[in-house]
Amino acid sequence: MATVKINGKEITVEDGTLILDAATSAGFEIPTMCFHARLSKLASCRVCLVEIVGQKKLQPSCVTPVMHGMEVLTESPVVKSARSAMIDLLLANHPLDCPVCDKGGECELQDITFKFGPRKSPFGEEKRRFHEEDYILSPVIIQNANRCIQCKRCVRICAETVGAEVLGSIDRGAGTGETSFVKEYLDCDHCGNCIEVCPVGSLMSRSFRYKSRPWDLKGVDTVCTYCGTGCQLTVQARNGEVLRVISKPDKGINHETLCARGRYGYSFINSHERLVTPMIRKGGTLEPATWDEALKAIKEGITGAIRNGGKIGGIASSRLSNEELYLFQRLMRVVLKTNHIDSGSRWNTGAVKTFTEVMELSRGGVSIYDALNTDTLLVIGSSISDENPVTDYMIRRLSQNKKMNIIIASPRGMKLDSSAALTLRHRPAAEGEIISGISRVLYDKNADKLNDLSGKEPLKSISKENISSLTGTDWGRIESAANFMSSSNSVTIAVGNDVLRGPSRLEFLNVLVGALRLLGKEVKLFPVFDRANQRGAWEMGVHPAMMPGYSATAGNGLGCEGILEASSRGEMDVLYVIGEDIVSDFPDGRFAEEALHRVKFLIVQDMFLTETAKMAGVVLPGASFVEKDGTFTNQEGRVQRLRRFLPPQGDAKADWEIIAAVGAAVDPSFNYGSAAGIFGEIKEAAPMYREIAFESLDGSGALIKETNRKGTDLKSVPSVASQMPAASPDPDYPFVLITGNHLYHSGRLSLRTDILRDILSEAIVEISEEDAKDLKVGKGDKVVVKGERYEATLTVHVNKRSAKGVVFIPENFTDVRVNMFFTKGEGLPRVRVLPLTGKSHGGGIK
Amino acid sequence: MLSEGAVKEINDLTGKYANKRSAVMPALFVVQREYGYVTEEGMREVANILGLRPVQIFEVATFYTMYNKKPVGKYHIQVCTNISCSLLGANHIVDFLSMRLGVKVKETTPDKMFTLSTVECLGSCGTAPMMQINDRYYEDLTKEKIEEILKGLK
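Those sequence lines, one after another, are chains B and G. The opening position of the first sequence corresponds to residue 1 in this note's numbering, with each subsequent residue numbered one higher. The opening position of the second sequence corresponds to residue 847 in this note's numbering, with each subsequent residue numbered one higher.
No lab work stands behind these hints: they were computed from the structure. None of the hints are false.
Straight line, CA to CA, 30 Å or less: simulated DSBU-like cross-link-like pairs of lysine-lysine:
hint : chain 1 : residue 1 : chain 2 : residue 2
1    : B       : K773      : G       : K854
2    : B       : K127      : G       : K950
3    : B       : K183      : G       : K920
4    : B       : K248      : B       : K705
5    : B       : K521      : B       : K705
6    : G       : K854      : B       : K800
7    : B       : K403      : G       : K862
Whole structure, please, built from the sequences with the hints as guidance.
As structure tokens, then:
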């Protein structure tokens, strides 16, 4: 510890604390410009200069650590005049076009000039001027380099956090400007984080430009509803129209960062396609109706089914709030007396159960910062750079300051590979086998210490040759992964939702974790989800085998696949679907569509008339995330508040209100008046939520607590056969098709936002560099991807690091119904790829 | 396109450094030699060979004056105008060259033979005033000496 005196005030801080931080905690304000808490230190602007008593020269406080006994002055006359001079130098070339600059009112340079800056300048020379008109740098960025103050925050965040490395400092001295390569259109993540950290109006948001002054905006701090990372964001609107989304450095695990969809995926809120009134099918077509009429129709449909002892089921999206999901399962289980409920339509119900157990989700939340404070990180089952971009940013940023071995096991190459110590490219759906291989190596090396390992018997039956041929991964790499873990004191295993797409040998994760723990390693498990409230959905009991808080249910409920099978046999009397487009998402689109046609009474509640909603008997208009209150539980197990700040469009209602109304229509005692009230009931039903206070949840949310110390062992985890496609390729269909979210999109919702559509509006097909060479195609060429039941013409993207023989098509687009390639029960489809002659064309990438 | 030899040369350069990125500067000299100046295409090729983003090459190329971002004449005359040379009349040298070649600083003669540039210190203060033509230094300059030198450049 070091005791220092700042402006006469004594303060004791950790050794190595920066003067800037010490002064801030002592209550003094030191202005900064190039400094940014989570970026490398540059100390180039010299605005943060302070006087250290006994030293002749002023020192930049943003890079100078305190020393015991140091006396620092931040407000002495010499500091004040130097600071003012430094600001004057920044202003010397700054155009001072504040009246027409977008940043006016929230500009850091404006603020510090007002507070600390000179009132007069001796610099009368002509200012540096790079260009007359602002230039467009990307679909989301427009630049005015004349305003640049050369702080390099954008360059640093792009390289260090985002990993895109597309911005640079061009030229030298006073002539330096930040821009892309020869000012070309950026090929990057389009995350806009460079705009967020720009202290002046040099990098600007194209969509927000000239739309509003910041003080005319009304906003709300809420949580992003795209992926499971759970970023905090601030939605700002003027006259009821959402104009932008920003991130704040002091809010949330994401701080200033967001991804493209978080930052630009908001315009669906004000979309003209939103459902604004309930609809009832009359004579084959859906006609607008009042809420009373819709609820009456639902009451008749449901009570009729109950009277006849019919089957009732429900499928809810994992983008609904905890309150809605809890209320949904309560409606299903208590009022409608059924266990046939599920969240989402893409996951295998059995794999979900195994996953929640082997990932020890019932043991409470794990902060991502704790999870990443580790010697070795294994990321498996997730295209994390594409599906959870901000989780990717956090891993990249934190791995730079710390020795962390990152191991990435995935069929597809990804941006995070460049930060990895080891990559394991494996066949799709071979995650369980990779984990079993690593476990086997660990066991062989430490057999004497692993006598008590539960699950060692199945391990012994694993052979090196067998695993290598099943996974297509070189055994040496699997050994290296095990060696990284062996030589670490702590290991974090991040498992993504790709392992839920079918049955997989996930029970081996339990063996691996058991082995590592017996070897004295600290093991943390970190789930990675592509839907914002996937974890919450399970914790609220929206699963046929799990009650709220992961307690087991009695009776045999059906999951999504079971419900659709029952439907296809004509056995489903009522199916209530909220926010889930089953026809587009279920991996066998044809089957899903046919099955839903045979549901006697289909109720669909959604914001849009989806393919599934088009088939419904009654359609109910739900609300967007800024139109309702509630909580979300992110992949860490962090509960965060969703805050209502706009009224729902038209006659739409918050989804929990609709569920409550549907329940009350059937049973008047089903009475719920507020999201906070429902949360109170959740605290009783799911004990891990007991300590969370709905009203006081702030920007950092609250982690759910462990309530059940009992770990899982292999005996309680059902062994499931893998869905892995045969190792020997079929010469007619040499590729395996995998699906997932594209970097710029999430589910189908993001396609309803114009900015994200401007970035990418049509499906692409991603193939490995090796396959591209063999097929003689390159980026932008068109190919036909042919499966046994479906084919599509798509634009090629080449992924340099992907495994050969793997084809990826995103799930997010309507032009290609990727789920039509799938046949229920047959695992991942095999396809062939045929180049189209007559190359080159516009394509979907603008 | 860089010649096969040039690509090999850049690849060989990477072997000299612990980090491939360190080879950016010598690789840019290869590009300059191959194309006559640092071209956009050349920078992209270097990025590709070194596994970097093009902007990372662009930053280096624009920072240093030794890399010509525009075509130069057959003979690139770079006159030092730093302090020692200036004290000994570098400005007169520049004016004389400008008059003699009929171009201003940063310009190239219409026959593409000569480009005139001014540069910062070339580390030859002991023999100031001086200039560099392509890879060679010419020192203790006088107008007469420059006449001689120009005559020899055809």
